[in-house]
Amino acid sequence: MNSGPLHMSDHDLSANRFELLYGMLLDAIPSSVLMVDEKLHIVSVNRNFLLKSQRGEAKTVGRPLAEVFPTIILENTDIERRIREVFRSGTSVKGQRMTYRAPGVPIRIYYYSILPIPSNQVMLLMEDVTEQVRLSEEVRRVERHLASVVDSASDIVLSTDTEGRILTWNSAAEKLSGLTAHEVRGQYFFHFCGANEQQTVSTVFMRMKSGNDSHTTEFPLLTSNKDNILVSWVFSPMKDDYGQTVGAVVVGRDIAERRKLENQLRQSQKLAALGVMAGGIAHEIRNPLAVCYSAAEFLLMEDIPADFREDCSRKIQSGIQKASAIIENLLRFARPSPDTEMSQVDLSAVIRDTLELIANQAKVQQIKIQLDLEKKPVLVRGVSGLLQQVFMNIFLNAINAMPEGGLLSIIEEIFEAEVAVRISDTGVGIQESDLDKIFDPFHTSSPVGKGTGLGLSICYSIVQQHLGAIHAQSTPGEGTTLTVRLPLL
Amino acid sequence: MNAPILVVDDEPDMCWAMESILKSQGYEVVTVLSGEEACYQLANRTFGFVFMDAKLPDMDGLDVVRRARAIAPDQVRAVLVSGYHYHDDPVIRQAIDEGVICGFLAKPFTHSDLLKALPKRDTPDSR
Chain A
1 MNSGPLHMSD
11 HDLSANRFEL
21 LYGMLLDAIP
31 SSVLMVDEKL
41 HIVSVNRNFL
51 LKSQRGEAKT
61 VGRPLAEVFP
71 TIILENTDIE
81 RRIREVFRSG
91 TSVKGQRMTY
101 RAPGVPIRIY
111 YYSILPIPSN
121 QVMLLMEDVT
131 EQVRLSEEVR
141 RVERHLASVV
151 DSASDIVLST
161 DTEGRILTWN
171 SAAEKLSGLT
181 AHEVRGQYFF
191 HFCGANEQQT
201 VSTVFMRMKS
211 GNDSHTTEFP
221 LLTSNKDNIL
231 VSWVFSPMKD
241 DYGQTVGAVV
251 VGRDIAERRK
261 LENQLRQSQK
271 LAALGVMAGG
281 IAHEIRNPLA
291 VCYSAAEFLL
301 MEDIPADFRE
311 DCSRKIQSGI
321 QKASAIIENL
331 LRFARPSPDT
341 EMSQVDLSAV
351 IRDTLELIAN
361 QAKVQQIKIQ
371 LDLEKKPVLV
381 RGVSGLLQQV
391 FMNIFLNAIN
401 AMPEGGLLSI
411 IEEIFEAEVA
421 VRISDTGVGI
431 QESDLDKIFD
441 PFHTSSPVGK
451 GTGLGLSICY
461 SIVQQHLGAI
471 HAQSTPGEGT
481 TLTVRLPLL
Chain B
1 MNAPILVVDD
11 EPDMCWAMES
21 ILKSQGYEVV
31 TVLSGEEACY
41 QLANRTFGFV
51 FMDAKLPDMD
61 GLDVVRRARA
71 IAPDQVRAVL
81 VSGYHYHDDP
91 VIRQAIDEGV
101 ICGFLAKPFT
111 HSDLLKALPK
121 RDTPDSR
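Which chain is which? The protein sequence lines are A and B, in order.
Using this note's numbering, read the first sequence as starting at 1 and increasing by one per residue.
Using this note's numbering, read the second sequence as starting at 1 and increasing by one per residue.
Bound-form chain A, shown alone:
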């Protein structure tokens, strides 16, 4: 400047004002700004740099870059060469990363840019991104943790979009199915379910779109070698912050081994139920036997009229038919269910068949049966042998609750997509405190040797396997009602 401060021109005055203003602006911005000349000497710095580097202005301005920045940074970032390059080419370098540790302060991470300035200087702009880097590393760490939780799980964990297309597929899913995540990604989940289950799975996905409920079911998963493994599934809708369904999480567990044990248990419980029915069965078979015996004895007599002889033969025939019908019913019930292959079942027919088996037992205890079934077939998806076991256990419990006789009523009702079967007795009832225990295994009110305490827990597991629900209501001294709900086909 050629004139002294006392004789400043208007132009000088305004230039000075701008210099002050820009100096203030530079000091105010939360980034470090350094001006560097061609000799790589620092021409000026803003306050933020002095603060971060813990340096005074005097020891910074006019000094070579190499003196201000630690050697290790100069070597790692090769910043001197980059600045020279900007001077030579006139193009800026943007978004490089630098880790800077000033004496006595924790490590900081910067993104820096080198920008050419027309007055043969470059501007070194350094932004402190320590916090952002820390946050994004934290996010990545949490993500990695979640991913490893999902991947380390021994259960199948997969996610889908709202239509049921697979997005993720964990290691357990790869191992059990033999299909890699890469192979299944983008495919519809139901492609990996058996032909019988595809409709059910589609329905479950449809329901999850609007509902909040999880769906529990079980069916086999197809594997890469065209085999299948039985899996127990839980489908849960995935919601965003606004409560909209954005996809689904499906968790599955290989239950082949558990199912084997469960089937054994169900079978032995069934045979125990047969034991309870033995009295009624004996009575019912001995009646036709007694008729046959008498008729045969008449046939052995001489001189009986021809029409009476014919009567005797017919009584023998019908007696044998009655006895063998009872035996056939028993055999069908006693036979182990052919695994868990689900098919279309008429629930009313299952209830009628089961009633036939216990009718004798009800009769010998003077129990009346009131049956109110739907006129049309009630179609559900299930294993008829297992459903029969459910009703058998409930009927037998009802009969046992009425040692002095009473009324057993069975009412079937359709509610939109489900059927409810209400089985009521006029028996002793269940104390309220016991009501929530009745589905627990080994909970029994029967004396030792009369009941295993497994009947209702088996009912519960079978109904659950059929995507249904079972619950009990009772008034002590008045009776109990069990309601079984199953989804209609």
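Honestly, the hints are just simulated from the structure, not real lab data.
Just so it is clear, CB atoms sit at the ideal spot from N, CA and C, and this is done for glycine as well.
A hint or two may mislead.
If you anchor each label on the Cβ, the simulated ranges turn out as follows [unchecked claim]: (1) B/Ser24 - A/Leu489: 52 to 60 Å; (2) B/Gln94 - A/Lys260: 25 to 33 Å; (3) A/Ser236 - B/Pro12: 56 to 64 Å; (4) B/Pro12 - A/Pro305: 19 to 27 Å; (5) B/Asp97 - A/Asp436: 40 to 48 Å; (6) B/Ala3 - A/Asp346: 21 to 29 Å; (7) B/Ala43 - A/Asp311: 47 to 55 Å; (8) A/Gly211 - B/Pro12: 54 to 62 Å; (9) A/Pro305 - B/Ala43: 30 to 38 Å; (10) B/Gln94 - A/Ser445: 21 to 29 Å; (11) B/Ala72 - A/Pro305: 33 to 41 Å.
Think about it this way: if two alpha-carbon atoms lie no more than 16 Å apart in a straight line, the pair counts; the simulated EDC-like pairs of lysine to aspartate or glutamate are [stated by the list, open to error]: (12) A/Lys368 - B/Asp58; (13) A/Lys363 - B/Asp113; (14) A/Lys209 - A/Glu163.
Computed list of chain B residues with no C-beta within reach of chain A, every gap over 12 Å [said to hold, decoys possible]: (15) Glu28; (16) Glu37; (17) Cys39; (18) Asp63; (19) Ala70; (20) Gln94; (21) Gly99; (22) Pro108; (23) Ser112.
Based on the hints, put chain B in the right spot on chain A.
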């Protein structure tokens, strides 16, 4: 025997068999299918003997006999016929000890078993 024999069983074929056996020996027989009908018959008629099924759909056979004996203790002599009980069943033993029934006949039975259950002096031949 002048008074007829009452046969009570909810199974019509059982009634047919017992009726046929007894009629072949010259007895007069009345058959009914329920406890209520049996009670009605026993209250309104005199029977020489009763063959009572143990398990009727509406009542227990022993209760029918007990009820009839409460009205006319000496007139009702009954044998319980059943496919449900066995001969040394505690329920049967107790009913015999108490004098409710005078015997028990298990199903199936031979014709002579049935006839032997009848009191000897009442057989037509001894008349």
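Do the hints match the structure? See the list:
Take B/Ser24 and A/Leu489: their Cβ atoms lie about 58 Å apart, and the range 52 to 60 Å holds. Restraint check, B/Gln94 to A/Lys260: a C-beta distance of roughly 48 Å breaks the suggested window 25 to 33 Å. For A/Ser236 and B/Pro12, the Cβ-Cβ distance of about 60 Å falls inside the hinted range of 56 to 64 Å, so the restraint holds. Evaluation of the 19 to 27 Å hint for B/Pro12 and A/Pro305 yields a pass: the beta carbon distance comes to about 20 Å.
Checked against the given bound of 40 to 48 Å, the beta carbons of B/Asp97 and A/Asp436, roughly 46 Å apart, stay inside it. Taking 21 to 29 Å as the suggested C-beta distance range, the pair B/Ala3 and A/Asp346 does not conform, at roughly 53 Å. At roughly 32 Å, the beta-carbon separation of B/Ala43 and A/Asp311 lies outside the given 47 to 55 Å, and the hint is violated. Evaluation of the 54 to 62 Å hint for A/Gly211 and B/Pro12 yields a pass: the beta carbon distance comes to about 56 Å.
The beta-carbon spacing between A/Pro305 and B/Ala43, approximately 36 Å, falls within the hinted interval of 30 to 38 Å. A hinted range of 21 to 29 Å holds for the C-beta pair B/Gln94 and A/Ser445, which are about 26 Å apart. Distance hint check: the CB atoms of B/Ala72 and A/Pro305 are about 38 Å apart, consistent with the given range 33 to 41 Å. For the suggested pair A/Lys368 and B/Asp58, the alpha carbons sit about 8 Å apart, so the restraint of at most 16 Å is met.
About 26 Å separates the Cα atoms of A/Lys363 and B/Asp113, which puts this hinted pair outside 16 Å; it is violated. At roughly 9 Å between alpha-carbon atoms, A/Lys209 and A/Glu163 fall within 16 Å of each other, so this suggested pair holds. For B/Glu28, the non-interface assignment is confirmed: its Cβ lies about 18 Å from the closest Cβ of chain A, beyond the 12 Å cut-off. With a least CB separation of 15 Å from chain A, B/Glu37 remains clear of the 12 Å interface cut-off, as annotated.
Residue-level check passed: B/Cys39 sits 14 Å from the nearest beta carbon of chain A, beyond 12 Å. Against the 12 Å criterion, B/Asp63 falls within the reach of chain A, whose nearest CB is about 10 Å from its own CB. No Cβ of chain A approaches the Cβ of B/Ala70 within 12 Å, the least distance being about 19 Å, so the stated non-interface status holds. Even its closest Cβ contact with chain A, about 17 Å, leaves B/Gln94 beyond 12 Å, as expected for a residue assigned away from the interface.
With a least beta-carbon separation of about 24 Å from chain A, B/Gly99 lies farther than 12 Å from that chain, consistent with its non-interface assignment. B/Pro108, annotated as away from the interface, has a beta carbon of chain A within 12 Å; the closest lies near 4 Å. The beta carbon of B/Ser112 sits about 9 Å from the closest Cβ of chain A, which is not more than 12 Å, so the claim that it is off the interface is violated.
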